[in-house]
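A.B. asks: Note that the protein sequences, when read in sequence, are chains V, W and L.
Residue numbering for the first sequence follows our numbering, beginning at 1 and increasing consecutively.
Residue numbering for the second sequence follows our numbering, beginning at 1 and increasing consecutively.
Residue numbering for the third sequence follows our numbering, beginning at 1 and increasing consecutively.
Hints were generated in silico from the structure; no laboratory data involved.
All the pointers check out, no bait thrown in.
Here are the computed distance ranges between Cβ atoms for each label pair: (1) L:Glu-4 / W:Asp-158: 48 to 58 Å; (2) W:Tyr-113 / L:Lys-40: 16 to 26 Å; (3) W:Ile-46 / V:Glu-92: 25 to 35 Å; (4) W:Ser-37 / V:Asn-168: 41 to 51 Å.
Here are the computed lysine-lysine pairs in the BS3-like style, where the Cα-Cα straight-line distance is at most 30 Å: (5) W:Lys-173 / V:Lys-83; (6) L:Lys-69 / W:Lys-83; (7) L:Lys-3 / L:Lys-97; (8) W:Lys-178 / V:Lys-112; (9) W:Lys-97 / W:Lys-138; (10) V:Lys-173 / L:Lys-112; (11) L:Lys-59 / V:Lys-97; (12) W:Lys-173 / W:Lys-138; (13) V:Lys-138 / W:Lys-178; (14) V:Lys-112 / W:Lys-173; (15) V:Lys-59 / V:Lys-138; (16) V:Lys-138 / W:Lys-173.
Just so it is clear, CB atoms sit at the ideal spot from N, CA and C, and this is done for glycine as well.
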Amino acid sequence: MEKEIIIGVLQMSDRASLDTNAYSSLSGDAILEVLTSYIKSPYRTIFNIIPDEYDLILKTFHTLAVEEKCCLILTTGGTGPAKRDVTVEATEAFCQKILPGFGELMRMESLKYVPTAILSRQTAGIYENTLLVNLPGKPAAISQCLQAVFPAIPYCIDLIEGPFILANEQNIKAFRPKSG
Amino acid sequence: MEKEIIIGVLQMSDRASLDTNAYSSLSGDAILEVLTSYIKSPYRTIFNIIPDEYDLILKTFHTLAVEEKCCLILTTGGTGPAKRDVTVEATEAFCQKILPGFGELMRMESLKYVPTAILSRQTAGIYENTLLVNLPGKPAAISQCLQAVFPAIPYCIDLIEGPFILANEQNIKAFRPKSG
Amino acid sequence: MEKEIIIGVLQMSDRASLDTNAYSSLSGDAILEVLTSYIKSPYRTIFNIIPDEYDLILKTFHTLAVEEKCCLILTTGGTGPAKRDVTVEATEAFCQKILPGFGELMRMESLKYVPTAILSRQTAGIYENTLLVNLPGKPAAISQCLQAVFPAIPYCIDLIEGPFILANEQNIKAFRPKSG
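Model the full structure from these sequences, guided by the hints.
C.D. replies: Structure (structure tokens):
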């Protein structure tokens with residue numbers, strides 16, 4: 001039996017987590033929309049909005065990775081230089097391996113649009129069979145960054161023994177090298 | 001009342017700190033000159049030349065950030081691979097958050113001129129309301145690097161609740177995104 | 001008397017270390033071939049193939065740097081996101097200074113060929129008088145990465161007081177800034 005593809009989407013937002021208005025989930029919704037466009041395989045998402053609190057973020061990472069068995073967790077928000085921005089701290093504490101190439105490429109990509117891209121500390125990493133990637137907070141930046149890094153995500157999940165993800169080749173090309 | 005803009009400039013140099021000749025402050029002077037050209041708001045600088053000693057660098061960071069209330073500290077020197085190069089070690093020990101995008105962009109920029117740019121370990125980070133940025137040791141490289149990263153500095157200082165810095169738009173464009 | 005140039009080449013490979021077939025040393029051989037083409041000075045290499053085991057890698061780094069007095073150690077393999085990939089962990093534990101510019105440039109270079117380049121965690125660092133550089137596992141990627149970073153290697157070894165390495169200018173240009 002094939003492994004189910006479960007993807008966690010986690011929006012960090014002090015304001016949004018207190019707010020019940022529809023507009024407050026804009027960042028997370030932007031991620032969900034890109035996933036719909038990029039992934040052809042059947043998959044299920046778990047979407048949470050939580051405040052920018054270190055302990056709570058860490059606990060939610062654990063729930064999504066260990067209990068919910070997400071092969072991929074995508075975060076949005078909390079990667080800047082302000083005191084309340086602690087998503088990166090939680091990511092580094094949670095992951096067993098850090099993959100600096102994700103942050104480098106996303107900043108390089110965002111630099112094409114705004115010089116303040118260098119203020120983002122976003123990174124990515126591995127915990128057991130889960131890949132965790134920090135995305136920026138703004139919807140436009142989210143889709144620019146996902147377009148840059150998504151081609152490497154299905155193969156990364158192969159390497160950590162997660163489910164096989166088939167990309168929607170009309171919208172994005174996933175790359176898998178010929179020999180492992 | 002508006003907050004005063006105080007900028008610390010710290011030159012690490014074993015030779016220069018023992019030397020009273022004017023030429024020995026070349027690197028620090030290069031930073032001061034770029035600041036004059038880039039910043040329109042009134043500001044005050046504090047310029048120190050100290051030897052490449054870890055404890056002394058750390059102590060000077062503390063003085064500049066906490067006692068002198070600098071919103072920005074710019075260092076020059078001590079970012080290479082040699083044993084005496086300890087500016088980066090002190091920066092990482094002092095800062096509460098590291099901003100890897102500064103070092104990445106400055107190395108990428110310097111690579112346009114010299115392939116040895118990859119030997120620089122320069123980085124940047126935040127301590128409370130102070131942004132600390134390591135610059136290279138050579139005057140030409142200093143101005144190349146500041147040109148690359150300065151556009152993000154005023155907004156970064158906004159985010160850490162420092163004073164509002166107005167850039168001299170004729171010489172450099174500072175970028176502030178529309179919504180926080 | 002001039003210092004002897006000794007270069008350690010270390011191939012991490014679970015399969016190759018159990019295997020006596022000639023093809024299994026492909027990655028290490030690719031490194032040796034590039035060195036032959038790039039280095040004009042007389043030098044000696046020490047080539048080991050070992051399994052992907054953290055303690056063994058760390059011990060071999062120590063032997064190559066301290067006992068064998070290699071000024072340069074080049075590794076291949078073990079830089080990916082999989083659980084068995086521990087070369088980067090051992091490198092970070094062994095080195096006294098990390099040089100992030102090497103990994104950044106190698107990933108940027110590899111990105112020209114494959115989007116999965118961001119999955120490599122390869123880095124470089126210094127232990128006393130030894131420069132240690134992680135290279136990818138695939139022969140083609142090895143030569144792309146060495147071509148990008150080699151121009152900075154002889155000067156780096158000067159800075160850590162290693163032997164003077166003369167490059168073969170027909171095949172690669174080593175760069176040494178005019179003043180130290």
